[in-house]
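Asker: These protein sequence lines map, in sequence, to chains A and B.
Numbered by the working numbering, the letters in the first sequence go through residues 1048 to 1243 in order.
Numbered by the working numbering, the letters in the second sequence go through residues 3 to 234 in order.
Hints were generated in silico from the structure; no laboratory data involved.
One or more hints might be untrue.
[Stated by the list, open to error] In silico contact screen, one side only, chain B against chain A (beta carbon under 8 Å); selected entries: (1) Gly59; (2) Val158; (3) Gln162.
[Unchecked claim] Simulated coverage check for chain A against chain B, where a stretch passes if three residues somewhere in it have a Cβ under 8 Å from a Cβ of chain B: (4) 1068-1079; (5) 1092-1103; (6) 1116-1130; (7) 1206-1218; (8) 1222-1234.
What you are looking at is a predicted structure, and each value in this text was computed from that prediction instead of being measured.
The beta-carbon is built from N, C-alpha and C at its ideal position, and this holds for glycine as well.
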Amino acid sequence: MANGDIDQQDAIKQRNQELEALLAACALNDRKAFARLYRMTSAKLYGVVLRILVRDEWAQDCLQDAYIKIWNNADSYRAYLAAPLTWMSTIARNQALDLLRKRKREVMESDDKGLPEQVDDAPLPLDGLTNSDEGRRLERCLGELKEQQRQVVVLAYFKGLTHDELASHTDTPLGTVKTWIRRGLNQLRRCLENDA
Amino acid sequence: MMPENEHYDSTTQAGEYVLGTLEGEERAEFERRLRDDIRLQEEVDAWQQRFSPMLEGIDPVSPPDAVWQAVETRLTDHGQSDTQTAAGASFWDSLSFWRNLGMVAATLVLAFGVMLMTQQPETGMNNVLVVMNDQDRTGWVVAAKPDHGFVNVSAVEPTQLPAGKACQLWMEDQHGNLHPVGVLPHDGRHEMPLPMMPKSESVFKVSVEEMDDMPAEKPRGEIVFEGKLTEI
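Start from the sequences, fold in the hints, and give me the full structure.
Answerer: The structure is reproduced here in C-alpha cells:
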C-alpha cells in the first residue's frame, strides 16, 4: 500500500475519532460540540440530500431536519455499528427519501402535476466509491451485475424510486423490474459476503 | 412474475426496504414487523452498511448559513422534542435500527467522553466507560486515569429503580474476581476510590442490589451491565 493511502487512512481514522467524540458530547447536550459537528459534516450531508431531492429549498429543509434528528438521537449512535459519517449520511438519506415520499403523496392527493422530474441526468456518483476498501468491494460487486440490474438498483438508491416508478422510467414491465431488483440484491449480497 | 425458485426472503425484502422500492401497504407492513423483530432490524442495518459507500462518493456542497441558523433556532425554541412531533410517522424517526444490539446484549462498551475532558482538564481523566441505563441510553459516565486510584462517576440519565434498590458498580481484577466500587449516584458527579489501580481496558460491571444490604464480597443481584474502560 502506498504511503499516501496510509496517510489518508490515518486522517480518516482521526476524523472519525473526533466525530465519535463530538456525537458523544452531543448526547450530553453539548451545543458547542454540535456546532463543530455541523461545521465538519454539513457539506457532506447537504451533498447527499441535494443529490436525492435536487431542489435547493427542499434540500435545505431536509438538512435542518436531519441535523435535528442527529442531535436528538446522538445518544443512540453506536460506534461499533457504523462509522459516524456513515450513520449521519444514512439519516440524511432516509430523511430525504421520507420528504420525497411525503411530497409525492401531497401531489397525488392534490392532483397537481407539479412534481419536478426527480430523475435528472446528473451522472450517478459512483466514481468516489474507490476511496475505501468497502467502496472498492461494492464497486466490483455492482460491476458484476447485469447492466439493467445495476441501473435500477442505483436509481432506486439515489432517487427513492418505487417499483412502479422504476418500471415506467425504464419502460419495463413491473414484474421484470421486481425480478431485476431481487436478483440484483441477492447477487450483490453474495458477492460482498464472499469478498469480505 | 417471480420464478418459483427465486430467492425472496426477509433478507431480500430488507434490501428492498433500504433501497426504497417497497411501497404502500408492503412498506407499512414491513415497518410494523421491523419494530419488534430484532433479526429483521439487523438485516436492515446490514443493507445500510452494504450500500453506504454509495453515499461516500457524493461530492460535498456547502449549505447556506441560513440552514445552521434555522437548526439553532429550532433547538433553542423547541428543546429536544422537536422532531418527534415534526418529522411525521416514519419508522426512521425511532432510529431503533441502530440500537438493536443494545437490546440483545446488556453489555456495551463505548468510547465516549470529550465532555468530561472539557469540564475538568486538570484531572487528566483520559479513560471512560459509558454505563447504559435500562432504556439503552447513557445512564452514567465513569472517568478514570490509568494508575490513579479514583474514578469520577457522573449521572447522566440514571436507571429509575424501585424504592430500596440501587445500582452497584464493581471492578474486575485480572483473575476475574469482582470488587465493589460504590453505588451509582442519582445525580451529580461523585469521586469514588477504586479497590485497585485501573488500567486501560479494566472491566467494570453493574449489579442491582438491595440498598440497605449492599454486598461487599460479590454481587448478589443481577448483573445488568458490563464494559471496559476505553482510552480517549
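Asker: Each hint needs a verdict: does it hold in this structure or not?
Answerer: We went through each hint and held it up to the structure:
no.: 1; hint: Gly59; in the structure: 3 Å, holds
no.: 2; hint: Val158; in the structure: 6 Å, holds
no.: 3; hint: Gln162; in the structure: 17 Å, violated
no.: 4; hint: 1068-1079; in the structure: holds (count 8)
no.: 5; hint: 1092-1103; in the structure: holds (count 5)
no.: 6; hint: 1116-1130; in the structure: holds (count 12)
no.: 7; hint: 1206-1218; in the structure: holds (count 6)
no.: 8; hint: 1222-1234; in the structure: holds (count 9)
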